[in-house]
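Following the hints, put chain B in place on chain A, whose structure we already have.
Protein chains: 2
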Amino acid sequence: MGDAVRADVAVVGAGSIGVAWALVFARAGHAVSLYDPDRGRLEAAVGELASRLADLAAAGLLDEPPARVASRVSARPELAEAVATAGYVQECAPEERELKRQLFARLDALADGGAVLASSSSALPISQVADGLSGEARCLVAHPGNPPYLLPVVELVPAPFTAEETVARASALLAAAGMSPIRLHREVEGFVFNRLQGAVLREAYCLVRDGVVAPEDVDTVMRDGPGRRWSVLGPFETIELNTRGGIDAHAERLGPAYRRMGNERGQDDPWTPELVARVSAAVQRRFPRRRWQENVEWRDRALMALEACRRTSAALAAPATGEGDEGGSTGA
Amino acid sequence: MGDAVRADVAVVGAGSIGVAWALVFARAGHAVSLYDPDRGRLEAAVGELASRLADLAAAGLLDEPPARVASRVSARPELAEAVATAGYVQECAPEERELKRQLFARLDALADGGAVLASSSSALPISQVADGLSGEARCLVAHPGNPPYLLPVVELVPAPFTAEETVARASALLAAAGMSPIRLHREVEGFVFNRLQGAVLREAYCLVRDGVVAPEDVDTVMRDGPGRRWSVLGPFETIELNTRGGIDAHAERLGPAYRRMGNERGQDDPWTPELVARVSAAVQRRFPRRRWQENVEWRDRALMALEACRRTSAALAAPATGEGDEGGSTGA
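So the protein lines, in turn, are chains A and B. Reminder that position 284 of the first sequence reads as 284 in our numbering, one-by-one numbering, no gaps. Reminder that position 173 of the second sequence reads as 173 in our numbering, one-by-one numbering, no gaps.
Any given hint could turn out to be false.
Claimed, not checked - Rough simulated footprint, nothing fancy, chain A against chain B, three-plus residues with beta-carbon under 8 Å:
| hint | stretch |
| --- | --- |
| 1 | 175 to 184 |
| 2 | 191 to 200 |
| 3 | 231 to 239 |
| 4 | 257 to 268 |
In case anyone wonders, no lab produced these hints; they're calculated from the structure. We put the CB at the ideal spot given by N, CA and C, even for glycine.
The shape of chain A in the complex, shown without the other chains (with noise of 0.2 Å):
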């Protein structure tokens, strides 16, 4: 996994996310060739890399002067070119299934046989894209969040076909790029960082559809509320810290309500002691409930950290409004 960790690197399409992907690369060390076939948009794409190089340099994150990341991305208008030494390839395409397929046929012909053929799509899963082809087990679905140079969150996603070590690979040069990759074990639709919005979403229509509550104030209790904390704990970690108790009492305790707001919705999905004792076994390897009041503590101690820095930066005060607007406040 070491030559991974520093192969060169291709990114196929310089729209928004694939420049994003050649800043995360070059930002970690590689030799990146960013490739579109669209000159225009090729040129155009290199102004943008230096623009968000230079924001993030203003933002105190970046540990190199932003010409030398810059310099390590060359703009390729032929794709034989482009990935002629890249030991990982990172599709950018739009989310045509068609386009796509052509794409990573080219992209197996073209990459030397040891290099990892990975898909942005949100959408279309691997095994509708690269099935068939004689190098499909070296590919795989690598879905970013946006930008993904500032959520590292990055969702593997391989096809039956594709083979464990493709799957490796990917996770150790993304580790080592300073992305958070996480594996999916079957491809469902949306992965999970999707599933996870759509559960919002679909509850925070069904909310304001009935009258429940304005769609800003939806807006608020996130931001003002659990969001603050899913910045710092995930759902299940959050839960764990929430309750004496932990999971265990939580499920215990709301797990009918939840159950019930659920029906609501048409869902009945309950948590049976087993799966609750899987989540808690799993929560528990990070925050022993041994540990909960310092683990809960800490958690406080990291939620003023996010608040300092609320009250310090002006970055994080009010968002550009139109004329008239009261810049941002967002009182009920």
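Same frame as chain A, but now just chain B:
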């Protein structure tokens, strides 16, 4: 409403939420009476308050010396004395309906006729607690996050019998105290905070149950993905800035996919054009579409400021873990 904003406050119940509420009101300059029927608890609460205030001061989050804030809080072992001068009462008793009913009857009898009576309940709507009291019109739920001095959201949930003026006075007092009050128009189980949290938990448990992803990877996705955005932008705002064309384009292009994901869970609540238009109009009051690009850049600067904070703050580095743990590393 000026009177409400300067009112004396009584906090009834000195558990962890009561202590936290006392801190919130005292920090905002109110004279606070903290009541608990258990004198031992009341004495412990005074020490806990001092400890929380010291933590906030250490994090640079207190504008005055901790002792000055603490001096505004008086421990009161008698309810009548605690509420004698209060213009606002925040009830923080255990979540038992009969207990709260009896307590609200006493509060209604003891408190000044002009005082607002607010319950911290996350589960009991005020219509099941204060119905039939002569002062029912001045009663409502004001449900905080945990801890309320770090998560500013407060859900105001009136019963049908609650006077509009009660909601307005509670909202003004809480906003002046630095909280983010939002208003529900109907009593629904879980209110909004726990509806959003519940939607995520239900989906998360399903994904683990179905073998899609490990529990710890669900937590990583949230922390390093949507949670970071949701600490800056609500779910609708996130979508508005994530897609060119905003909420409207998102619903048109991805609505069917999110509907299918809902269908898999038994839910079928399509996002109708009318509903989407209503949400879009509301979100655009904060983020006008013509300023989309500027607002995306604002979002990215806000995320960068948070990331810079993460890099420099030891408090955000790693939770307390057990012996032999790796200090909170969560690589896939």
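Now the hints, each set against the structure:
1. 175 to 184: n = 6 at 8 Å, threshold three: holds.
2. 191 to 200: That given contact holds, which follows from 9 residues of the stretch 191 to 200 of chain B lying within Cβ reach (below 8 Å) of chain A.
3. 231 to 239: holds (count 9)
4. 257 to 268: holds (count 10)
Hint check: no violations occur; every hint is consistent with the structure.
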